[in-house]
Amino acid sequence: MTLVSYLHTLSQVLRFQQEPWRVAESWAALLTFALAALSLQLGHSVVLFLSRVQARQFVLSLLVGSLFHVLALLLWSGLIYLSLALSVEQPISVLRVLVLVGLAQMPHLFSILSFVPLLGLGIEWLLWLWSLLLTSFALQVGLDLPPLQAVLSVGVGGVFMGVFQHTLGIPLTTLVYHLEARIAGVAALETTLSTARVLEVTNQEQA
Amino acid sequence: MTVLLEVSLLLGLGLLVTLLLAPLETLEWWAGWYDRSGKRHGSLPHLQPHEVRKASHYLVFLDGIAKARRENYDEVQALLDRLLLGLPNAVIIGSVLPYSVTQRPLVRDRRLAHYWKWVLRRKLARASDPLGFTINLYNLSQVLVSADRRYGPVFNWGCAQAILKALLAHCYQPGSGVPVTLIGYSGGAQVAAGVTPYLKSILRAPVDLISLGGVMAADPGLKEVRRLYHLLGSKDRVARRAALVFPGRWRIFGTSSWNSVRQQGKVTWMPLGPMTHNAKGHYLDASSFLTNGKSCLEHTADTLLFILEQPERVRARRVRDRAYGYRFDVL
Chain S
226 MTLVSYLHTL SQVLRFQQEP WRVAESWAAL LTFALAALSL QLGHSVVLFL
276 SRVQARQFVL SLLVGSLFHV LALLLWSGLI YLSLALSVEQ PISVLRVLVL
326 VGLAQMPHLF SILSFVPLLG LGIEWLLWLW SLLLTSFALQ VGLDLPPLQA
376 VLSVGVGGVF MGVFQHTLGI PLTTLVYHLE ARIAGVAALE TTLSTARVLE
426 VTNQEQA
Chain E
267 MTVLLEVSLL LGLGLLVTLL LAPLETLEWW AGWYDRSGKR HGSLPHLQPH
317 EVRKASHYLV FLDGIAKARR ENYDEVQALL DRLLLGLPNA VIIGSVLPYS
367 VTQRPLVRDR RLAHYWKWVL RRKLARASDP LGFTINLYNL SQVLVSADRR
417 YGPVFNWGCA QAILKALLAH CYQPGSGVPV TLIGYSGGAQ VAAGVTPYLK
467 SILRAPVDLI SLGGVMAADP GLKEVRRLYH LLGSKDRVAR RAALVFPGRW
517 RIFGTSSWNS VRQQGKVTWM PLGPMTHNAK GHYLDASSFL TNGKSCLEHT
567 ADTLLFILEQ PERVRARRVR DRAYGYRFDV L
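Chains as they are written, first to last, in our numbering: chain S, 226 to 432; chain E, 267 to 597.
Worth double-checking, as some hints may not be accurate.
[Said to hold, decoys possible] Covered stretches of chain S, going by a simulated chain E footprint (3 or more residues, C-beta under 8 angstroms): (1) 274-281; (2) 316-324; (3) 412-426.
Derived from the structure by calculation, the hints contain no laboratory data. Beta carbons: idealized from backbone N, C-alpha and C, even for Gly.
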């Protein structure tokens with residue numbers, strides 16, 4: 226598979242065409258996971274800037290953050306597989322679900338656009354929606370599921386993800402946060418800055 | 267048709283790249299990437315004025331998105347000169363660059379400085395030069411940075427520092443309570459709203475905002491403004507449409523900062539007659555005349571002077587208005 230065929234697949238996936246899901250290749254899905262994670266991380270890199278991360282640690286933080294994003298996307302695929310395994314009678318391969326969910330992340334290749342001022346957060350929201358719809362469509366076409374079953378599987382997968390994040394995921398998220406801060410070379414990562422916080426940071430520095 | 271499509275695609279791509287890169291100057295400045303020694307640039311200026319001189323009022327003019335260098339365009343300078351004549355006890359500052367946290371003009375110390383110089387030459391030779399619009403486009407992207415809740419607090423802090431330094435250089439005494447009025451022209455109004463909380467907190471003084479055809483979001487900084495005068499020409503479609511772009515300006519979002527200050531009666535809409543935003547007959551046009559015999563520039567300057575000299579009279583004579591809260595008719 227070449228870059229041209231990857232771009233061809235991308236154009237078909239984004240337009241909800243059926244062909245790519247039937248012949249989906251695992252390396253294309255893996256590449257999509259990696260590129261989507263990097264793009265998401267670049268889109269969210271404002272956190273690194275606000276935390277005043279130095280240029281060298283910035284690149285390292287981006288790469289490590291992308292790796293964590295890939296792991297999160299793999300977890301998401303696993304939870305969708307779990308919801309399918311609990312609700313569908315026919316045997317389903319976990320690798321097949323991984324490939325389908327991976328390709329459905331293609332809208333996130335554009336997640337870097339969330340960096341755009343003012344419009345960025347809206348763009349990110351649209352990309353998430355697009356990707357969720359594509360995931361349902363991928364399960365429907367790639368696994369021959371009824372449309373409602375595909376939507377429900379994604380929904381149940383989302384519920385599993387939410388439950389995970391608020392239970393077992395809490396220490397894991399905290400650990401990842403501390404690791405990211407350590408790699409970035411700062412005590413804590415600033416996700417947003419208010420006017421008061423800007424003055425506080427400035428005063429602390431001067432003191 | 268194909269050529270038109272290709273040109274449109276190219277322009278769209280250029281716009282997208284501009285928007286993507288727009289927050290970088292602000293973020294790199296905040297992160298301290300500009301200074302190799304590692305010294306941060308987001309530090310407070312020393313709060314010691316250079317010399318003591320009495321002024322009853324300080325005005326800071328934040329120019330529109332056509333600004334490319336520290337020197338003002340002739341029409342802007344003409345307005346500032348008129349204000350200076352009318353307010354002999356006031357200090358008027360017009361040298362702040364509202365669209366750069368590093369206070370670097372487009373035409374100097376930048377990778378594309380040669381391009382911006384060339385474009386500015388063309389713009390000065392012919393105001394309607396289409397390439398001149400790229401200056402507006404670049405500065406507009408900075409207005410969006412100022413209005414973005416992620417980047418805004420940092421961008422506005424950078425601009426607030428520049429204003430603070432300029433005020434101190436003009437002998438402003440922090441804590442003296444001498445009022446500061448920000449005049450935001452077009453996109454300068456957004457920056458003015460964004461810097462207000464910083465100025466109010468550090469100077470410990472009331473801050474008023476005069477928006478001249480202002481393009482602004484419902485910035486949280488508006489809540490810190492003492493009074494907001496919104497001067498608008500009836501033919502100014504840019505400022506009116508901009509109000510539609512920012513959802514916080516819509517009336518259905520009753521708790522937005524814009525609607526809050528409107529409901530508190532801080533906003534006064536002042537219709538300026540049939541003036542445009544930047545076409546012939548704009549706010550600073552000295553060669554277009556209104557029915558009262560004044561040029562647009564004269565009328566704008568006189569209105570500003572009226573607000574600055576008699577704010578209580580404006581407040582006493584204004585009438586209730588559905589859209590803005592209060593309205594005051596100058597003409």
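- What are the numbers of the hints that this structure violates, sorted from low to high? Going through the list in order, the structure violates hint 2 alone and respects the others.
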